[in-house]
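Using the sequences and the hints, build the whole thing.
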Amino acid sequence: MLASTISNEWVYVGVTWGATAAVIGGYAAYVIRRGRELSKRVPSERRRWM
Amino acid sequence: MNDPRAATAGPADTASVAPMSTSSRGTRLLGALTLLSAVFTVLYSFWFSKADVELGNTVRILYVHVPTVSIAYLCMLVNAGCSAVYLWKRTAFPDLLAAATGEIGTLLLGLTILAGMMWGRPTWGTYWEWGDPRLTSTLLLFLMYLGYVTVRNIPASRSARNTRSAIVGIVSALLIYPVKMSTEWWGSIHQGRTISTPGASKIQGAQEFALYTGFLTFLLLAAWLTIHRFRVGWLADEAEAAELDAVIADRRAESAAGDLGSDLGLGEAH
Numbered sequence: 013m014l015a016s017t018i019s020n021e022w023v024y025v026g027v028t029w030g031a032t033a034a035v036i037g038g039y040a041a042y043v044i045r046r047g048r049e050l051s052k053r054v055p056s057e058r059r060r061w062m
Numbered sequence: 003m004n005d006p007r008a009a010t011a012g013p014a015d016t017a018s019v020a021p022m023s024t025s026s027r028g029t030r031l032l033g034a035l036t037l038l039s040a041v042f043t044v045l046y047s048f049w050f051s052k053a054d055v056e057l058g059n060t061v062r063i064l065y066v067h068v069p070t071v072s073i074a075y076l077c078m079l080v081n082a083g084c085s086a087v088y089l090w091k092r093t094a095f096p097d098l099l100a101a102a103t104g105e106i107g108t109l110l111l112g113l114t115i116l117a118g119m120m121w122g123r124p125t126w127g128t129y130w131e132w133g134d135p136r137l138t139s140t141l142l143l144f145l146m147y148l149g150y151v152t153v154r155n156i157p158a159s160r161s162a163r164n165t166r167s168a169i170v171g172i173v174s175a176l177l178i179y180p181v182k183m184s185t186e187w188w189g190s191i192h193q194g195r196t197i198s199t200p201g202a203s204k205i206q207g208a209q210e211f212a213l214y215t216g217f218l219t220f221l222l223l224a225a226w227l228t229i230h231r232f233r234v235g236w237l238a239d240e241a242e243a244a245e246l247d248a249v250i251a252d253r254r255a256e257s258a259a260g261d262l263g264s265d266l267g268l269g270e271a272h
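The listed protein sequences derive, respectively, from chains E and C. Everything in the first sequence is counted per the numbering used here, starting at 13 for the first residue and increasing by one. Everything in the second sequence is counted per the numbering used here, starting at 3 for the first residue and increasing by one.
Just so you know, the hints here were simulated from the structure itself, not pulled from any lab data.
Under 10 Å between C-beta atoms, here's a sample of chain C residues computed to sit facing chain E:
1) 48
2) 53
3) 238
Listed next, the stretches of chain C that the computed footprint assigns to chain E, with coverage defined by at least 3 CB atoms under 8 Å from CB atoms of chain E:
4) 22-29
5) 59-69
6) 114-124
7) 240-250
Glycine is no exception: its CB is placed at the ideal position from the N, C-alpha and C atoms.
The structure is reproduced here in structure tokens:
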């Protein structure tokens, strides 16, 4: 079975790595953007843990 | 505040120099280390590690699959621990840390399932096998943590939201051990441990090293994301509280103005 699917292996490898990079990159971008939006709404004296 | 200018600024200048994001010197350093580690992981996964004798190039999927599930479990255990501390102490820090690790653990477990499906198709001939205990129990665990994230986002008072999500987090974590042991307890098409004691692992050499760099990368990544997500959670709660304070102050000002108007006989001219 492996021999017959050897040519398709890279597709599965590519989907795995590509989806992982896209999902994590997208989530990181969302968190950073949300942090910037919220920072504008919170007075500086309330920004502990920054 | 991490900005050194903030220490010398007067009250009027504080808002302008306070950090306007969740970044700090520490997160930037951690982010740089994560990227460096990611570069090593990619190099070892695609360049130094050769195709496996049995698995072929699909072994490169394992360099994502195994680290993501391990770090997802770690996030979920931290989530459960922080949830328990929250129920005991009722303070914001463990609650926000639980929220951050719960969300990131869910994300990583979702990626684990996707990578497993991509590995299963060329190896087992199927993306999914419903009768398999490891696959099914992992999906159940994922759904429980999706439930955690959902409960976290249901509109409620802060205390009710934190308490409900802490209970869901602790209950969900009880499933981690059965999921991990499912291949030994019930039998499974899924293989057992990939990494075990030195010299006895199923993969060795550059393959094993690629896996270790993957562990480090996803650990650093989870830490970096957790700090940012924690700060976002803190800011969201503080923004809500600040806006509520502003509304209350407005109402008090309106009420005081009304009282003053009454005292002066204004608004009673009819």
